[in-house]
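Chain by chain, the residues run as shown.
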Amino acid sequence: MSPRGIGANIRGLTLVIALAFLVTSFGAGYWTLVAAEELGSDPFNPRLVAAIRDRPRGAIVDSAGGVLAESVKSGNGYVRRYRDRTLAHVVGYASFKYGTAGIEAAYSDSLVGQDPADPLASWRARYLGERDAPGAVVLGIDPKVQAAAAGALAATGRRGAIVALDPRTGTILASASLPNFDPNQIVDPATEDVAWQQVNGNADRPLIDRARSGLYPPGSTFKIVTGAAALESGVDPDAKVRVDDPWQADPSWGPYHVRSASRAHGDFTMSDAFRLSENIYFAKVGLQIGGQRLGEYAQRFGIGAAPRCDISAAKGQLSGTGALDRPTLIADTAYGQGELLASPLQMALVAAAIGRGGVMPTPHYATEVRDAAGNTIRTIAPGAAGQVIRPDTAARVTQMLVAAVSGPGAFAFGAKIQGVNVAGKTGTAENPQGSPHGWFVGFAPAEAPVVAVAVIIENAGQGGVDAAPLGGRVMQAALGR
Amino acid sequence: MTLLFRRADEMRLLVWVAALVATGSVAVAAAEATSFDRRQLLIPVVFVALAVALHAFLAIRRVRGDQLLLPLASALTAIGLVLMQRLQPDDTPLLAQQLTWMIVACGAFAATMLIPRDLTTIGRFKWMWALLGVALLVSPLLPVIGREINGARIWVGLGRFNFAPWEAVKILMVVFFAAYLEEYREVIARPRRIGPIPVPPVPYLLPMLAMWAIAMAIVVFEKDLGAALLFLGIFLAMLYLATGEAFYSLIGIALVALGGYVLYQTFGHVQVRVDTWLDPFHEEMRFGAGYQIIQGLFALGNGGLFGAGLGNGMPHRIPIVWSDFVFDAFAEEAGLAGAIALLALYLVFVYRGMLIAIKAPTPFLQLLAAGLSFIIAFQTLVIVGGNLRLIPLTGVTLPFVAYGGSSLVTNWMLVALLIRVSDITARVRGTP
Chain A
1 MSPRGIGANI RGLTLVIALA FLVTSFGAGY WTLVAAEELG SDPFNPRLVA
51 AIRDRPRGAI VDSAGGVLAE SVKSGNGYVR RYRDRTLAHV VGYASFKYGT
101 AGIEAAYSDS LVGQDPADPL ASWRARYLGE RDAPGAVVLG IDPKVQAAAA
151 GALAATGRRG AIVALDPRTG TILASASLPN FDPNQIVDPA TEDVAWQQVN
201 GNADRPLIDR ARSGLYPPGS TFKIVTGAAA LESGVDPDAK VRVDDPWQAD
251 PSWGPYHVRS ASRAHGDFTM SDAFRLSENI YFAKVGLQIG GQRLGEYAQR
301 FGIGAAPRCD ISAAKGQLSG TGALDRPTLI ADTAYGQGEL LASPLQMALV
351 AAAIGRGGVM PTPHYATEVR DAAGNTIRTI APGAAGQVIR PDTAARVTQM
401 LVAAVSGPGA FAFGAKIQGV NVAGKTGTAE NPQGSPHGWF VGFAPAEAPV
451 VAVAVIIENA GQGGVDAAPL GGRVMQAALG R
Chain B
1001 MTLLFRRADE MRLLVWVAAL VATGSVAVAA AEATSFDRRQ LLIPVVFVAL
1051 AVALHAFLAI RRVRGDQLLL PLASALTAIG LVLMQRLQPD DTPLLAQQLT
1101 WMIVACGAFA ATMLIPRDLT TIGRFKWMWA LLGVALLVSP LLPVIGREIN
1151 GARIWVGLGR FNFAPWEAVK ILMVVFFAAY LEEYREVIAR PRRIGPIPVP
1201 PVPYLLPMLA MWAIAMAIVV FEKDLGAALL FLGIFLAMLY LATGEAFYSL
1251 IGIALVALGG YVLYQTFGHV QVRVDTWLDP FHEEMRFGAG YQIIQGLFAL
1301 GNGGLFGAGL GNGMPHRIPI VWSDFVFDAF AEEAGLAGAI ALLALYLVFV
1351 YRGMLIAIKA PTPFLQLLAA GLSFIIAFQT LVIVGGNLRL IPLTGVTLPF
1401 VAYGGSSLVT NWMLVALLIR VSDITARVRG TP
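Chain order of the listed sequences is A and B. With this note's numbering, you'll find the first sequence wraps up at 481, consecutive numbering, no jumps. With this note's numbering, you'll find the second sequence wraps up at 1432, consecutive numbering, no jumps.
I should point out that these hints are in silico values taken from the structure, not numbers from a laboratory. In this text the structure is predicted, and so the values were computed from the model without any measurement. Just so it is clear, CB atoms sit at the ideal spot from N, CA and C, and this is done for glycine as well. Errors might be hidden in some of the hints.
[To be verified] Pair ranges (Cβ atoms, derived):
| id | chain 1 | residue 1 | chain 2 | residue 2 | range |
| --- | --- | --- | --- | --- | --- |
| 1 | A | 5 | B | 1121 | 17 to 27 angstroms |
| 2 | B | 1009 | A | 26 | 29 to 39 angstroms |
| 3 | A | 201 | B | 1268 | 18 to 28 angstroms |
| 4 | B | 1147 | A | 85 | 42 to 52 angstroms |
| 5 | A | 201 | B | 1274 | 45 to 55 angstroms |
| 6 | A | 35 | B | 1134 | 26 to 36 angstroms |
In isolation and in its complexed conformation, chain B is listed as follows (with noise of 0.2 angstroms):
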C-alpha cells in the first residue's frame, strides 16, 4: 500500500483535476446537446485515466520530485480539452485529435523522465542541440516537407499530420543555452565597462548575435512573429539568470524595438499586426485585419465577472478561436474569476517551477528549470496579453490549453525536465 502514499500530494490534487474534468464535459455536453450522448462520457474517463497513468507511473518509478507540477499540467490540459469539446467546429474533431495528442504526450513525458539515465549529461552535447536546433528551424522552409498555414511558414507535414517544429526548439534552445551559460557565464558576468555600459568580450558575444539574427530570420523568412519573440524572450532572460547584467537585457530590448521597428516599416505582415493592434475598430478593419481582435474583445466584455456559463457564449464568432483565441473564449464563459483562476494556474506552474530552479544542485540544472519556467510564463503573457489587446497579437500557443500536438507533447515533455531536475534536488540533498 505504501505505493499508493508514495505520492499522495499529487494523487490528492489530481482528485480536484477528475472532478474539473468531469463537471466541465458534463456541462459542455449539456449546454450544447438536446439529448446525451454517452460517447461524451469517454472523454473524462480517458483523461483521468492517462494522469493516472502517469501519476502511477512516477510513484511506480519512485520519482521523489514535484508533485504539484503534473495535477497543474493536469488541469490546464483538462481546461483545454473541456475548450476543445466546446469550441469544435461541426466538420473536425479538435476533441478527439487532442485527446489522441494527449496519449502521445503521455509517452512522450514517460521518455523524458527515462532518457537519457542521467540528466546532467545532456548539458555535454550542447553544440548537437544548437545544431539540431537550427536544422528543425529550417526544415518548414524545405522544400516538400515544410507547410504555409495561416500565412506563416512554420510547419513541417508529414502525411496528415503538421508538426511546428520552433515548439521543440524552445526546449533545445533552453538546453543550449543552459549548458553555453554555465561554461561561460564567468567571463560573460564580468564584462569590460564603458561608462554605465558593459561590454562583453567579442568572442562571446557572436552567439548573442547570431540568436537576434535567427529570429529576425525567422520573422522574414517564416513570417511567425510569435515564435522570434519567444526565442529573443528566452534568450535574453537566460542571459540575465546567467549574469545578472540587466544591462544585457535592456540592450537586448533595445535591439528588439530597433528590429521592430524596420521589420514595420518594411513587411507588410508585420505592420498589418501592428496597426490592427493599435486600432482594430478602425473602419477599414473591422471586417478585415481587425475582425478577429474585435470579435475576442466582444467575447472578453460577454465574460463579465462570472461568465455567461459554459455552453452560453458565442466564442464561434472568433475565427481560429481553438488555436489563438482561448483564453477569450474561456473568459466569456467562466467571465473574469475564471480568466484569474487560468492565470493563477498558470502562475503556480512557473512558481514552482522557478522555486525547483532555486534549489537545484547545480548552475546548469538551475539555468534548465528557470528556463523552462520561463517559457511557460513568457508564451502565456505573450498569448494572454494579445488576446487582451495590450501587445500586438503573436500566434504563440497557450500552454497546455490551446489545439495544437506539436505544442502539447513538447510542454508535458518540459513538466516531465522540470520533474527530473527536482527529482535530482531531493535526491542530492535526501529529502523526501
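For reference, chain A alone in the conformation it holds in the complex (with noise of 0.2 angstroms):
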C-alpha cells in the first residue's frame, strides 16, 4: 500500500492554512470594528490625548465658570494648564506619556469636540479630518464649598477627604483629597518622568482620589443603615435596650465582647444610641433583625458595589465574602467595623438618601457640555438611583440624627450651623494602620436638604470628633451663610 498522494495532503494543508487566514481576519475586525470604542476611550490610548500638542483641547469650568483646565499656546504647540491643585483627582491629567485620569479621561472625547452626543462631528473629525473646536466641559463644583473643603481640611494637616453633594441632584459641589498633587507637572515633557516616579513611589499614594476612592471600615457612620433596617424590620425606636459594658450574646464568642465608645451602662433608645454612638445597642439590634436583612439594607444603600457615576469610583464591601454569616461579623458589622469598607462618596449617597427622603442620588462631576460657541450640547443630569428606604422611615432617621448634632451630650455638636437643623452622625473607624480613622457624614437643612457632606481625616487624634467640625464648615459654605 502506498500512502496517499502527498497532493491530497497539500490540499488538506491549504484548506487549514485558508482557514487560520479567516480566524485571522476576524480578530482583525474585532480589533479594528467591535472593540474600536472601547479602545479609543481607553484613558492610556495616547491618540485623544496626542490632540493635547497639536490643537486645542476642551476647557474644564466649575459651576460659576471658573477655569479649572485649559490649553495654553506654548512654543512648538499646546500646554494643558491645571488652576487649582485641590481638584486634582477629579479634574485630573492629560498627559501624552501616561494617559488621562479624572474629568480628562471620563470626558476626553467632549474635550476633542467629538462628544458622543453629536455623532456627526466625530463621524467627520475621523473620516474628513474636519475637527470642531473643542467646548468646554462644565463641572458642579461650586468654587466656594471646594474652597470651604480644601482649606479644612488642609488644616487638619492629615490624609484624608471631603466630598459634598447636592442631595437633590446627585451632583459633586466639592471634592477634596490630601495628599495631592500636581497634575502641571504630570502633563510638562519636561517634568513628567520625575514627577510620575514621585507621585507612584510615594508611599502615601497621592494619585488616589480618598473621596472616590479611597475604602475605609464606615465605623459608626454606618449605623445609619442599620438603624434605618431596624426601623424596617420592625424595631421599635422608642424601646430602651439595655447596654452594659463589654457585651457578648452569649458565651460562645469566647474572650470576644462588643465595647462601649463611653463604657456605657444603662437603658438607650435608638435615638439615645445615635448620639451618644452606642455600639452595643445596635450590635443588639444588628443580630436581632439578622446577618440577612441588615446585609440587604447595606446593599440597598449601595456598600459592596461602585456608585454609577461619571467618573469611576471604587466598591467598598460589605464582608470578605460578601454575606454576613457569623454572629460577631454581624454585630461587628451593625456598628460599622466588621469586615466593612466603603468611600466618603459612598457615605455621603448614605446620608443625601436619608435627606431626600430615601431617594438614592446617582453622583455626577459634570453637568454639561458645551460646543466652542458655548451652546449646550449635552445636560448630564442622571436621575435618581431609586427609593432605598420608605419616606417615613427616612424621616424618622433624620430625627435621630438631628439630635445627634444637637442633642444633649451628642458627639457631632461640631457640626452645628447657628439657625439651621443640621443633621449627621460620626464615626471612629478602627484600623489596622494606626489610630482610628475620623469619620462625619451629615446634611442640611435637616428638613429640605441641599447639601450633603461625608468627611474622613485618617489617623485622628479623637475620630469622629475631630472629623464634625469640618463637615460643618463645608455645610455652611454651601447653604451660603
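Join the two chains into one complex using the hints; note that each chain is given alone, in its own frame.
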C-alpha cells in the first residue's frame, strides 16, 4: 500500500491554512471594529491625548464659570494648564505619555470636540479630518464649597478626604483629597518622568482620590444603615435596650466582646444610641434583625457596589465573602466595623438618601458639555438611583440624626450651624494602620437638604469628634452662610 | 518584441505594483513633509526598476514558471518599503537600508534562479544542508560574532551588519525534510499501530526527536520563541504532507504543548510572553511588558473599516513598530479593508505556491514547494496572530513587509525556488 498522494495532503494543509487566515481576518475585524470604541476611550490611549499638543483641548470649568483646566499655546504646541491643585483628583490630567485621568479621561471625547451626543462631529473628524473647535465641560463644583472643603482639610494637616454633593440632583459640589499632586508637573514633558515617579513611588499614594476611591471601614456612620434596616424590620425605636459594657451575646464568643465607646451602663432608645454612638445597642439590634436583613439594607444603600458615576468610583465591601454569616460578624458590622469598607462618596450618598426621603441620587461631577460657541450640547443629569427606604423611615432617621448633632452630649456637636437644623453622624473607624480614622457624614437643612457631606480624617486623634466641625464648615459654605 | 510578451501577465501585474508603490510613497511624503523633497521620488523609481529587472531577467532566461509570484512578492515588498518610509524614526534611515537590502535580495533571487543548474540535485546533499543548518543555528551562541538584540540571542554580526541565521535555516530545513521524507516516507507512513496510535519505526523517529530537541534548545539558549515555533511548524507540516498521518501532527502538537508548559514554568522570558498575552492591560503590565501590545491594539482600534489614512495614525507609539508590529501600523492607517487585502495577498501567494506543489512532477519537488509556501503562511499567521493578540507574541518577521535584511533576502530566494519548481513542471509537462 502506497501512502495517500502528496497532492491530497497539500490540499488538506492548504485548507487548514485558509481557515487560519479566515480566523485571523475575524481577529482583525474584532479589534478594528468591535473593540474600537472601547480602545478609543481607554485612558491610556495616546490618540485622543495627542490632540493636546497639536490642537487646543476644551476647557474644564466650575459651576461659576471659573476655569479649572485649559490649553495654553506655548512654543511648538499647546500645553495643558491646571488652576486648582485641590481638584487634581477630579479634573485629572491629560498626559501624552502617561495617559489621562479624572474628567480629562471620562470626557476625553467631549474635550476634543467629539462628544458622543454629536456623532456627526466624530464622524467628520474621523473620516474628513474636519475637527470642531472644542467646547467646554462644566462641572458642578461650587468654588466656595470647594474652597471651604480644601481649606478645612488642609488645616488638619492629615491625610483624608471631604466630599459634598447636592442630594436633590447628585451633583458633586466639592471634593478634596490629601495628599494631592500637581497635575501640571505630570503633563509637562520637562518634568513628567520625575513627577510620575514621585507620585507613584510615594507611600501615601497621592494619585488616589480618597473621596471616591479610598476605602475605609465606615465605623459608626454605618449605624444609619443599621438604624434604617431596624426601623423597617419592626424594631421599636423608643423601646429601651439594656447596655452593659463590655457585652457578648453568649459565652460561645469566648474572649470577644463588643465595647461601648462611653463604657456605658444603662437603657438606650435608638435616638440615644445615635446621639452617643452606642455600639452595643446597634450590635444587639443587628443580631435581632439578622445578618441577611442587615446585608440586604447595606446593599440597598450601595455598600459593596460601585456607584454609577461619570468618573469611576471604588466599590466597597459588606464582608470578605459578601455575606454576613457569623454572629460576631453581624454584631460588628451593625456598628460599622467587621469587614465593612466604603468610600467617603458612598457614605455621602447614604446621608443624601436619608435627607431626600429615602431616594438615593446618582452622583455626577460634570453637569453639561458645551460647544465652542457656548451652546449646550448635552446636559448631564442622571435620574435618581432609586427609592432605597420608605419616606417615613427616612424622616425618623433624620430626626434622630438631628438629635445626634444638637442633642445633649451629642458626639457630632461640632457640625452645628447657627439657625439651621443639621443632621449628622460621627464615626470612629478602627483600622490596622494606626489610630482610628475620624468620620462625619451629614446633611443640611435637615427638613429639605441642599447639601450632604462626608468627611474622613485618617488616623485622627479623637476620631469623629475631629471630623464633625469640618463637615459643618463645608455645609455652611454650601448654604451660603 | 516577443521578449515583452513572453511573461505578459507578470508584466501587466507589475504595472499595478508600480502604481501601488508610487501612490503609497507620495501619500506618505505628502502627509509628513511640509515641503516636497525630490529625493522621495527615488524610492518608487529604484524599486520599480528592480522589479522590472527581475521580470526582464526571467523573460530573457525564458523561464516558463509561475507569473503571479513575482508581482505578489513585489507588491508585499512595496508595502514594506512604503511602511518603512512611514515608520522610520528620525535617526535611523530604515527605508534606505531596506531598499539596499532589496538590491541584495534581487541578486540572491537571480543567483537562486541560476544555481544549481538542475534543481533536483540539491536533494542529494541533504545531510550537508542539515549540517549547515545546525552550524548556522549554533553560530549566534559563538563568541565574537554572536550578538544579542532585544533579549534574543539569534544574531550574527559582521561589522555594522547583523544577520539572523534562522531565516536561512528555515529554507535549508525544508530542503532537508523534502529530501529525507521523499526517501523514507513509505516507511514512516506505514507505522505499526497500537490501537489508533501510530508508532513509526524507531530509527526514523530519531531525527524527529532531534528536531524537537533543537527547537527547545533555541528557546532556552537563544531565547527566541518565534524561530522555534516556525521550525516545529515546518517539521509537523512536512511530516503531514509526506505521510498524510494527521496523528503525527497531533502527537507533535501535544509535545509542543507539553514543552511549552514546562518552559512556561521554568523560563522567565516565556512566562512574560504568555502573561502579557493573557492580560496586557493588567496594572503591572500596562507600562511594562504589555506596553507594546497595548499600543498595537490602540493602533488597530483607530483603524476602523477604512483606516485613518497613510500618515494620519500614530504608529510611533508602538515600540520597535517597524520590525514586530508593522501589521498593526498598516491596519491603523489602511483599516480593516487594508488589513484584509494584505492578508489576501499572502493567501494568494500561498495558494499559488501550493498549486505549484500539487502539480510538481516528483515528491521531492512537491514537498519542497509546499514546505516553502507553508513558511510564508505560517510566519504570516504567527506574527499577525501575535499582533492581534490571538496567540502570544513571538518575534518572527512578517514576510517581505517587516524591516530586516536577512528576512527579505531569504524570502526572495524562496520565491525564486518556487518559480523554479513551477518552471520544471512546465517544461516536463510541456505546458506554457
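Cross-check of the supplied hints:
Range check, residue 5 of chain A to residue 1121 of chain B: about 24 angstroms between beta-carbon atoms, so the 17 to 27 angstroms window is met. Taken as a hint, the range 29 to 39 angstroms holds for the pair residue 1009 of chain B and residue 26 of chain A, whose Cβ atoms sit roughly 32 angstroms apart. For the hinted restraint 18 to 28 angstroms between residue 201 of chain A and residue 1268 of chain B, the CB-CB distance of approximately 24 angstroms keeps it satisfied. Under the hint 42 to 52 angstroms, the C-beta atoms of residue 1147 of chain B and residue 85 of chain A, about 49 angstroms apart, fit the expected range.
At roughly 29 angstroms, the beta carbons of residue 201 of chain A and residue 1274 of chain B sit outside the given window of 45 to 55 angstroms. Distance hint check: the CB atoms of residue 35 of chain A and residue 1134 of chain B are about 44 angstroms apart, inconsistent with the given range 26 to 36 angstroms.
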